[in-house]
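**Q** If you want the building blocks of each chain, they are given just below.
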Amino acid sequence: MSAISRSLTSAATPTALAGWALLSMDGLMLALPQKDIVSIVLTADLQPAPEATLEPATGSDRAIGWLKQDAQYWPVYCLDRHLAVSTLIGAARVLLFRSGERILGLVGTQVSLLANDADIVAPPLHACLKRPGSPLVGLALRNNAIVTVINAQMLGRYILSLETVHAG
Amino acid sequence: MLAEERSAWSLDFGANLRAVVGGQHLAEYLSKPQVTEVPLAPLYTLGVLTWRERLIPLIDLARLYENNLNHHEPGAQAMGAIVLAYRETPTGSLQYGALALANAPREINVRDDMTCELPVQPVFWSAIAASCITYENQAVPILRVRNIFTQLLQAEPNNIASPLPARDDVTQTILVKPANTTECQIEEL
Chain E
9 MSAISRSLTS
19 AATPTALAGW
29 ALLSMDGLML
39 ALPQKDIVSI
49 VLTADLQPAP
59 EATLEPATGS
69 DRAIGWLKQD
79 AQYWPVYCLD
89 RHLAVSTLIG
99 AARVLLFRSG
109 ERILGLVGTQ
119 VSLLANDADI
129 VAPPLHACLK
139 RPGSPLVGLA
149 LRNNAIVTVI
159 NAQMLGRYIL
169 SLETVHAG
Chain A
147 MLAEERSAWS
157 LDFGANLRAV
167 VGGQHLAEYL
177 SKPQVTEVPL
187 APLYTLGVLT
197 WRERLIPLID
207 LARLYENNLN
217 HHEPGAQAMG
227 AIVLAYRETP
237 TGSLQYGALA
247 LANAPREINV
257 RDDMTCELPV
267 QPVFWSAIAA
277 SCITYENQAV
287 PILRVRNIFT
297 QLLQAEPNNI
307 ASPLPARDDV
317 TQTILVKPAN
327 TTECQIEEL
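Protein chains in written order, with this note's numbering: chain E, 9 to 176; chain A, 147 to 335.
Hints are computed from structural coordinates only; laboratory data are not their basis. It is possible that part of the hints are untrue.
Have a look at the derived ranges for each label pair, beta carbon to beta carbon [claimed, not checked]: (1) Lys178(A) / Asn124(E): 45 to 55 Å; (2) Glu109(E) / Thr235(A): 35 to 45 Å; (3) Arg70(E) / Arg200(A): 31 to 41 Å.
Not close to chain E: a few residues of chain A, all C-beta gaps over 12 Å, as computed [what the hints assert, rightly or not]: (4) Leu163; (5) Pro188; (6) Glu199; (7) Arg200; (8) Leu201; (9) Arg252; (10) Met260; (11) Trp271; (12) Thr296.
Yeah, the Cβ is synthetic: ideal placement off N, Cα and C, and Gly gets one too.
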């Protein structure tokens, strides 16, 4: 796995990291807390579904590829601007993030890092902007662009809920 | 003695849906707002507007009423938006939200003797109306502005904005029944 701008091993203490990771994808700019980021890699590192001898993460038939981390393969997804599962078009980066006990990947065209929590200030999301189950926690303006602030754990749950709907 | 008149704004949402807000709520009317969609927002929330260096939600009550995805395309030329100010609590800071309009708002005067029963349909009036008046031979709700933006609204009993895949922590839509009143209540900011 060839880490690019930064590689954050899973052994790092999550709470020690401040700041944000910004992922650009399909016209959206998502911000996830750096403490939840495991690593940033190239989509070229994506692998096909793991062999049966390797224990795959469960319920991941909508993944576009897999990445190995901590001796386990984790699914990587491509989402569009509506946060619906999409196909891999033009994405060059994978953001691996931790959601509870799982690690998931999300692809995008670009990833950048902000060092401080205060680099993004997002007031709480209006209730009228958020359906139950949405991982969005805020919206912020940064350099005249809208940043969509995401809770990593909720994003993982949301993606898995898409798997459930698809399987059902 | 003449009944006291108060300033208000008549809003036309399209789809034969009208309402009134107290004059103190109106912050600005935008004739051609630039709307940015927000992923996973309810269908009746068109997105957000960048207004005075803030991001504020834009709600289309006609879409909520019709539950029709094609009623307004975000950023459609014919759509205007009114920016409304409100407070979540009496001592809270000013908050802002916007409503999509089919036509520019009109300033009107309202009096207590214009009060009437709130229409049963659409059901979301009961969640967002403070009272109701008869205006131009039509029952027109007076909106409690904070209730529009601080809760998920329900369209019709069998016509609910689609939730995300079922989960355990689904929040209940809050329906607030306005108190029976003979006054055309207009919120103070």
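**Q** Looking back at the hints listed earlier, which ones does the structure fail to meet?
**A** Numbers 1, 5, 6, 7, 8, 12, in rising order.
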